[in-house]
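Chemist: Residues per chain are reported as follows:
Protein chains: 2
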Amino acid sequence: MSRLTIPMPREQLERIVRQAVRERFAERLSAGEVKLAAAYTPNLVVNISARHLHVCREHLDRLFGPGSELTVYRWLYQPGEFAAEQTVTIIGPRQRAIQNVRILGPMRAATQVEISHTDAIALGVEAPVRPSGKIEGTPGCVVLGPKGVLELDHGVIRAARHVHMTPADAAAYGFRDGQYVRLRVHGECPTAFEGVLCRVDPRFLLEVHLDTDEGNACDLVNATGVELLA
Amino acid sequence: MSRLTIPMPREQLERIVRQAVRERFAERLSAGEVKLAAAYTPNLVVNISARHLHVCREHLDRLFGPGSELTVYRWLYQPGEFAAEQTVTIIGPRQRAIQNVRILGPMRAATQVEISHTDAIALGVEAPVRPSGKIEGTPGCVVLGPKGVLELDHGVIRAARHVHMTPADAAAYGFRDGQYVRLRVHGECPTAFEGVLCRVDPRFLLEVHLDTDEGNACDLVNATGVELLA
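Protein chains in written order, with this note's numbering: chain Y, 1 to 230; chain P, 1001 to 1230.
To be clear, the hints were calculated from the coordinates, so they are not data collected in a lab.
Virtual Cβ for every residue (Gly too), placed ideally from N, Cα, C.
Treat the hints loosely; a few may be bogus.
[Claimed, not checked] With beta-carbon atoms standing in for the labels, derived distance ranges:
| id | chain 1 | residue 1 | chain 2 | residue 2 | range |
| --- | --- | --- | --- | --- | --- |
| 1 | P | 1147 | Y | 95 | 55 to 61 Å |
| 2 | Y | 188 | P | 1094 | 23 to 29 Å |
| 3 | Y | 179 | P | 1087 | 32 to 38 Å |
| 4 | P | 1146 | Y | 97 | 28 to 34 Å |
| 5 | P | 1110 | Y | 56 | 53 to 59 Å |
Only chain Y is shown next, with the shape it has when bound in the complex:
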């Protein structure tokens, strides 16, 4: 379990504890143990996932040498998830390449390359929109690491918009796992992203993932507000 061998940073730990306290407080509130006007309020965060890949043990060995490990470049918002120091070059048909594509850790059971539509055009690959993990029948690409080359025969997708949430968040919104909801982004480029897939798990924190095309279309960085709607 590579997830367990990596010490969790203070920032991620604090987020998890804060979420647990808020949920516990809400439970006591609904059980009538405490009396307060405030109920559980989800803390909505929207982040942009730049192009990246997840790798399996076998492929990490191939790219970075046998027994190599992913090391932390930057911790992400979801508990235990991190951008690794390890980067690769991905190459599409007709030898078009994108350099410095970061691996996200920890390792996974299957290698998966997640790119935007803009990246797909640049690479010349028809990446279908898929939820993470649903990579059957998708195109492949060539991945170039410092110690070897990998010819993926499938695994290149454009990640479907999704929102990670805890059961408490889902209950607060009235959503269920697998439901499609809407994200409204307010600002100078107001946009409602529809078809946002709810992924509910107690290990998650509430966070919407958009790709760079979506983030740039709505100018997320300068957005004045975000809301999640049925």
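Given the coordinates of chain Y, work out where chain P should sit on it, guided by the hints.
Modeler: Frame of chain Y, contents of chain P only:
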């Protein structure tokens, strides 16, 4: 009037005539001259505007030599508008450049560079979202042509989403010039672009302009349908 010196292609002429016939027919219908179940139905078209620029006489002279003219590479959907054969390189602060940026004709009173948010990041310029023509206080860039270099001190924008429409289209939708409406794009990346500015003019044809970030975010090319809503 450079607009008048360029012969209009058969395709554009046909579109204009078809629109005029449809509008005339609708008028006669509402005047009771003809009796038919069919009313005027707007023909909604959504197109992606890639990065481009409009140039004034003085700046075209500077970039391509005195007295040079724009020549037609491809006619656009709007009557009289065309992508020119002439392209330039635009250069942002810190010497980052984007090559092969096409000029759109005919010439205009003021030079204006329209780029996406992705382009703005690549160039390192803070391009504000503006309706076409509203370029006061915007950043500039360097424009490189085959015969000269231009230092624009303003004019770089991200064009605000907008829809061109005839008065008949506006009436059919119940919209007015200057109103902000919504464009819903159906498909695998369903998206509602809000804040779409209505520009009503009898010389227009009904067409929504998105930029490449917006087009890629909703995967417009594979969209199954589009609709314009209040």
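Chemist: If a hint holds in the structure, say so; if it doesn't, say that too.
Modeler: Evaluation of the provided hints:
Roughly 34 Å separates the CB atoms of residue 1147/P and residue 95/Y, a value that falls outside the hinted 55 to 61 Å. At about 25 Å, the CB distance of residue 188/Y to residue 1094/P agrees with the hint of 23 to 29 Å. Here the CB-CB span from residue 179/Y to residue 1087/P is close to 47 Å, at odds with the stated 32 to 38 Å. Take residue 1146/P and residue 97/Y: their Cβ atoms lie about 30 Å apart, and the range 28 to 34 Å holds.
The hint said 53 to 59 Å for the Cβ distance between residue 1110/P and residue 56/Y, and at roughly 55 Å that hint holds.
Violated hints, listed in ascending order, are 1 and 3; each of the other numbered hints is respected by the structure.
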